[in-house]
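Peer 1: My request is simple: use the sequences and hints to build the entire structure.
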Amino acid sequence: MSWLETLHTAFDAIRTRRMRSALTMLGILIGIAAVMLTVGLGQGAQKQVASQIDKLGSNLLIVTPGSTTSLTGVRGGRGSATTLTTADAAMLADRSVAPDVKAVAATSSTQTSLTANATNWTTSVVGTTPSWLQVRARTMGSGRFFTAAELAAAQPEVVLGETTAQELFGARDPVGEQVTIGSQPFTIIGVLATVGSTVGGDQDDQAVVPATTYANVVSPTAGTSVASIYLEAAGQDALSAAYQEANNALLTSHGVAETASDFTLSSQESIVQTATSTSRTLTVLLGGIAAISLLVGGIGVMNIMLVSVTERIREIGLRKALGATPRVILRQFLTEASMLGFAGGVLGLLLGMLGAAVLPSLIGQPVTVSAVAAVAAIAISVVIGVVAGVYPAGRAARLSPIDALRSE
Amino acid sequence: MSPDPAYALFPDPEPATRPVPGPDLPTEPILRLTDVGKTYRSGALAVEALRGVTLSVDEGDFVAIMGPSGSGKSTLMHILGCLDVPSTGTYRLGGEDVSTMKESQLADVRNRRIGFVFQQFNLLPTMSAWRNVELPLVYAGLSRPARKARAVEALARVGLADRIDHRPGELSGGQQQRVSVARALVTDPQLILADEPTGNLDSVSTEDVLALFDELHEQGRTIVLITHEQDVADRARRSVQIRDGQFIDAAATHTRVGAAT
Chain A
1 MSWLETLHTA FDAIRTRRMR SALTMLGILI GIAAVMLTVG LGQGAQKQVA
51 SQIDKLGSNL LIVTPGSTTS LTGVRGGRGS ATTLTTADAA MLADRSVAPD
101 VKAVAATSST QTSLTANATN WTTSVVGTTP SWLQVRARTM GSGRFFTAAE
151 LAAAQPEVVL GETTAQELFG ARDPVGEQVT IGSQPFTIIG VLATVGSTVG
201 GDQDDQAVVP ATTYANVVSP TAGTSVASIY LEAAGQDALS AAYQEANNAL
251 LTSHGVAETA SDFTLSSQES IVQTATSTSR TLTVLLGGIA AISLLVGGIG
301 VMNIMLVSVT ERIREIGLRK ALGATPRVIL RQFLTEASML GFAGGVLGLL
351 LGMLGAAVLP SLIGQPVTVS AVAAVAAIAI SVVIGVVAGV YPAGRAARLS
401 PIDALRSE
Chain B
1001 MSPDPAYALF PDPEPATRPV PGPDLPTEPI LRLTDVGKTY RSGALAVEAL
1051 RGVTLSVDEG DFVAIMGPSG SGKSTLMHIL GCLDVPSTGT YRLGGEDVST
1101 MKESQLADVR NRRIGFVFQQ FNLLPTMSAW RNVELPLVYA GLSRPARKAR
1151 AVEALARVGL ADRIDHRPGE LSGGQQQRVS VARALVTDPQ LILADEPTGN
1201 LDSVSTEDVL ALFDELHEQG RTIVLITHEQ DVADRARRSV QIRDGQFIDA
1251 AATHTRVGAA T
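Chains as they are written, first to last, in the working numbering: chain A, 1 to 408; chain B, 1001 to 1261.
You can trust all of the hints, since none of them are fake.
Only pairs whose alpha carbons sit at most 20 Å apart, straight line, appear in this in silico SDA-like list of lysine to any residue:
1) Lys1102/B / Pro326/A
2) Lys55/A / Ser270/A
3) Lys1148/B / Phe11/A
Here are the computed distance ranges between Cβ atoms for each label pair:
4) Ser1143/B / Thr16/A: 21 to 27 Å
5) Ser1069/B / Val375/A: 56 to 62 Å
6) Trp3/A / Asp1097/B: 29 to 35 Å
No lab work stands behind these hints: they were computed from the structure. Heads up, the beta-carbon is just placed ideally off N, CA and C, and yes, glycines get one too.
Peer 2: Next comes the structure, spelled out in structure tokens:
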């Protein structure tokens, strides 16, 4: 009996028991759709986080200070120490110290209130250097960024984020206007183009001022310490070299050993990993639950196949009497089970794709469906069908034709 | 194998496997049981269903095997139909020793050499008449168009040319049994084995089906019919009685060559 004939017979058997076949497939269908959607949601969330972190800049390394420990032993947590200074930033910017570091931007920031005319808005005021624009991969929406000369002169100039500008000035272009930070008036010289990232605070809601002005006016207590130093490596390939150079330079200049380092050096990649690990855990958890529903669907297929064997015992006996070998019977029932699995898988895939198209507009989360996931879904369904069919098919194949024919 | 033109309708599917009666086996019967015994074991109990049965059936013969229930006639029918193998003795069918064959080989022998007619008809209710008839050909590996052509021819042979697309439920009992006779004929088997073929039929349909068997016999078919009804057995060319696992009239177990029907 040819494979085509086997497929045909299996298809006939499924078709003549439409209702039951449909219900059997439903188990697989729901399982596959659920797995696809949970995994798709998780991947979508991870992608979203990763792309937001990408917007922080490219080939980025971030140095943050270590933690403080007070005299009573209370540890302050990451970034609470004031071990990083503008001197560190200047050293890392030196090409002879770290040749693979292309640009350096030290930043400090504090939450403070900005006042323009009768409106005020509290936001993060960042003190940094002109290289910040490049290191953080930002572009100007209007106006310009401050220059090195303005930095040296500690000019009272500010560049606003898109959101900040809107909150203070509405749709109006604020370039050239005045804004008060603390009690000092600042001239707005530019507005940053929107970036749409919320990693490490809304990147569109901030006010950037020269580091010198920041130290003089905004946060006079900070001295020369900085909250973080952003490093841009010369390229993707130079990233690990830049990491080593920066790490060694800082360890040497701080005079500490690797194990007692008073700063943390993290790459963009490691930040992505940390940020996505939560959603990955959630994906695995939800995917696991969905996989259990798929397993239940598989047990449903096995159950139906067993019922089918019992119910068609005379048919099996007849087919054997007419010349079907045990192998042919085995193949027929296995084919039937895997066809149920396959059909359930295809329908589940379609439902999953429909869900992936509809869900994002309902819950505001992206759902990623990859071709790999689709192929895997079908393959898993067929495997479930075959595995679920092995036992019932084996039973059918072993039936003695006499007993099978005799049964009523 | 037979000069009867009716056979031309059914070209032999596997001519090479058919034994050609050569000079060294001139009188090999279609079917020969030699001292066949069958013992069933259930736990410590051994039930002797057949005790040394010997029977030979020549080509073109029409034999009825008669016996009450519990006589071993079902066991004999299973062995004759290659659905079971004997515990002792040998069974040769069409020149092949089938008593030591494995399950898959037996399936092949059933497919090629035997056409079954069952008391319960055993038609698949979801399939049309011709799909039921073509079933043995599916396992013989024929192409679909060839199967359909032969199934339709076989149905025409049993007078159901106009019922090929009817399902069993749309046919009378007599017509259903004709469909199953067509199914038995479709592979052009060497032996037609009928197990109480009229057991489920009214008297009109019984006559109808028996007339069909007569016709097949006249066309040279070899038929073994198992029954417990005397008037059915009387239609055969000869009949043997089985009781307690043995034939009672030993003389009848050999073919009466040339005997009148």
